[in-house]
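Could you put the whole structure together from the sequences, leaning on the hints where they help?
2 protein chains.
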Amino acid sequence: MQRQNGVALWRQIADRIRTAIADGTYDQTGRLPAEARLASEFSVNRHTVRAALASLAQEGVVRAIQGRGTLIERRDRISFPISSRTRFTEGVAGQASNLEGLLLDAQEEAASPEVARALQVGEGSAVLRLETVRKADGRPLSAATGWFPLPRFAGLVDAYRRTGSITRAFALCGLADYLRARTEISATHAEDRDLQALGLTPGAIVLVSTAVNVDLDGTVVQYAVSRFPADRVQLTVTGG
Amino acid sequence: MQRQNGVALWRQIADRIRTAIADGTYDQTGRLPAEARLASEFSVNRHTVRAALASLAQEGVVRAIQGRGTLIERRDRISFPISSRTRFTEGVAGQASNLEGLLLDAQEEAASPEVARALQVGEGSAVLRLETVRKADGRPLSAATGWFPLPRFAGLVDAYRRTGSITRAFALCGLADYLRARTEISATHAEDRDLQALGLTPGAIVLVSTAVNVDLDGTVVQYAVSRFPADRVQLTVTGG
DNA sequence: ATTAATTTGTCCGTATGTATC
DNA sequence: GGATACATACGGACAAATTAA
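Residue numbers (our numbering), protein chains in the order written: chain A, 1 to 240; chain B, 1 to 240.
Treat the hints as calculated values from the structure; they're not laboratory data.
Since the model is a prediction, treat every value here as computed from it, not as a measurement.
Ideal Cβ positions, reconstructed from N, Cα and C, are used throughout, including at glycine.
Check before you lean on any hint, since a few could be wrong.
Which residues of chain B face chain A? A partial, calculated answer using Cβ under 10 Å [claimed, not checked]:
#: 1; residue: V7
#: 2; residue: D177
#: 3; residue: R180
#: 4; residue: T236
Label pairs and their in silico Cβ distance ranges [what the hints assert, rightly or not]:
#: 5; chain 1: A; residue 1: A154; chain 2: B; residue 2: T145; range: 47 to 55 Å
#: 6; chain 1: A; residue 1: Q196; chain 2: B; residue 2: R193; range: 30 to 38 Å
#: 7; chain 1: B; residue 1: G124; chain 2: A; residue 2: R50; range: 33 to 41 Å
#: 8; chain 1: B; residue 1: A171; chain 2: A; residue 2: R87; range: 31 to 39 Å
Residues on chain A that point at chain B, a partial pick, calculated with CB under 10 Å [claimed, not checked]:
#: 9; residue: A8
#: 10; residue: A14
#: 11; residue: D15
#: 12; residue: A22
#: 13; residue: S55
#: 14; residue: I82
#: 15; residue: Q120
#: 16; residue: A136
#: 17; residue: E191
#: 18; residue: T201
#: 19; residue: I205
#: 20; residue: L207
#: 21; residue: T210
#: 22; residue: A211
#: 23; residue: D231
#: 24; residue: T236
Structure (structure tokens):
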């Protein structure tokens with residue numbers, strides 16, 4: 001474990017314990033080894049381990065009980081499937097209950113160079129921007145910004161408000177089917193907006209998916225940038 | 001920019017500047033804004049920005065010259081395509097020169113539960129494990145561990161040594177074609193092994209791809225866990 | 001029911017790193 | 001560069017809660 005490189009020891013340890021929990025390392029006992037034992041495993045002071053555990057408790061991953069130990073509260077990493085028929089709601093159905101989609105903001109705006117290129121429209125064309133957050137069991141799963149060409153999808157905002165689903169909102173706008181053309185996946189440290197939107201702590205990792213959806217004619221219908229908390233979500237690419 | 005949450009401010013700033021460089025934000029000038037300007041943008045003291053730049057200079061990403069400014073030395077983000085026909089060598093060809101594949105280790109071992117499930121063989125069956133590092137222009141692009149069922153691929157080690165490519169080594173073992181069945185993508189902080197294998201600094205992010213390749217009959221031929229430095233590589237999923 | 005062992009919680013103090021002014 | 005405030009990490013000691021003998 002490296003020291004004095006800008007990342008506190010307790011945070012490095014918290015990250016490793018969180019990963020180990022997600023990997024199922026402690027599934028047999030349902031709790032972590034004692035603080036003293038973890039301290040010896042990581043070759044650090046017990047106080048440093050305690051700082052790491054306090055951070056994980058704050059996230060709701062573990063819960064410490066005096067005399068009993070540190071119990072694992074949550075070991076779910078939701079798998080988000082990516083394929084030619086990527087659908088958010090269907091994709092996570094069965095892995096979590098109480099799915100909800102929140103519409104944070106909806107604005108008509110002029111296409112930036114990046115958006116214009118992705119949507120294959122002229123720079124400055126009118127586009128619709130939707131800011132959404134998806135939650136499962138009350139915890140944020142993704143924060144997404146979607147751009148849609150206008151005037152084709154002028155009715156999308158109301159449709160999304162009614163249905164809470166892009167797929168069903170598309171259907172109400174006359175688009176019965178669509179395909180995922182391309183997805184770029186990168187990862188970065190959580191930025192300020194992620195801390196709030198996804199309920200993360202600084203230093204956390206977000207998976208960033210940049211996607212283009214097209215209709216059956218190949219016309220671009222959506223450009224979306226989605227941000228997933230990497231400790232709660234993994235992406236699964238199902239070939240073909 | 002959040003403070004005192006386990007990640008030093010100078011490291012958060014270094015990470016964001018590194019990402020901005022990789023995204024091409026400063027391509028027009030080829031250099032960073034002045035330290036005082038960066039300090040005001042990030043709302044921190046100039047000393048803090050200097051610590052971030054010193055770290056980036058240490059990595060070889062930028063070079064500060066007194067009187068001239070901070071010049072960008074390296075801005076490479078390679079896009080690694082994932083599809084049903086994922087091939088490492090073909091995928092990055094054209095994006096980088098001097099591609100090399102290093103074989104770090106090759107061992108015959110008994111399949112762990114995880115490996116046995118992925119390869120669809122009995123737990124404890126003989127499997128071949130290959131540890132490889134791919135480099136482009138001398139810089140690590142990925143560190144991968146691959147498992148292959150035995151005895152089918154007993155000759156794979158020699159074949160890989162001769163060809164430097166899994167695809168060509170498969171061909172020498174009589175497997176002319178194979179498909180990517182499934183890819184799981186997650187992200188985590190660099191661990192000790194990543195720091196060495198990928199030449200990263202603590203706090204850096206690695207994209208972790210867990211993949212299963214099958215032959216045309218659907219028999220699993222490879223289970224692989226690849227680790228990519230997130231500031232140099234992004235993954236692209238080409239639908240269908 | 002007591003006792004002992006285990007485990008987390010809290011307090012003291014000290015040294016060093018981080019960030020600002 | 002120096003002064004200041006706070007965070008990080010270590011070391012030790014003991015209290016409090018739970019479990020096992």
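| query | Taking 10 Å as the limit, does the beta-carbon of L207 of chain A come near enough to a beta-carbon in chain B? | reply | Holds. Min distance 5 Å.
| field | Hint validity - T210 of chain A Cβ closer than 10 Å to any chain B Cβ | value | holds (9 Å)
| message | Holds or violated: the hint that T236 of chain A contacts chain B, with Cβ atoms closer than 10 Å. | response | Holds - the Cβ of T236 of chain A comes within 10 Å of chain B, reaching about 5 Å at its closest.
| query | Is the shortest C-beta separation between D15 of chain A and chain B less than 10 Å? | reply | holds (5 Å)
| Hey, does the R180 of chain B contact hint survive, CB to chain A under 10 Å? | This interface hint holds because 5 Å falls under the 10 Å limit.
| message | Given V7 of chain B as an interface hint, is its Cβ closer than 10 Å to any Cβ of chain A? | response | holds (4 Å)
| request: Report holds or violated for the interface hint on A22 of chain A, using the least CB-CB distance to chain B and a cut-off of 10 Å. | output: Status holds, d = 8 Å.
| field | Hint check for R87 of chain A and A171 of chain B - Cβ pair distance inside 31 to 39 Å | value | holds (37 Å)
| field | Per-residue hint verdict: A211 of chain A, partner chain B, C-beta under 10 Å | value | holds (9 Å)
| query | Taking the least C-beta to C-beta distance, is A14 of chain A closer than 10 Å to chain B? | reply | Where the cut-off is 10 Å and the nearest Cβ of chain B is about 7 Å from A14 of chain A, the hint holds.
| field | D231 of chain A as an interface hint toward chain B, with CB separation required under 10 Å | value | holds (8 Å)
| task | Verify the interface restraint on I82 of chain A: the C-beta must sit less than 10 Å from at least one C-beta of chain B. | result | Result: holds, 5 Å to nearest chain B Cβ.
When held up to the earlier numbered hints, the structure conflicts with 2, 15, 16 and fits the remainder.
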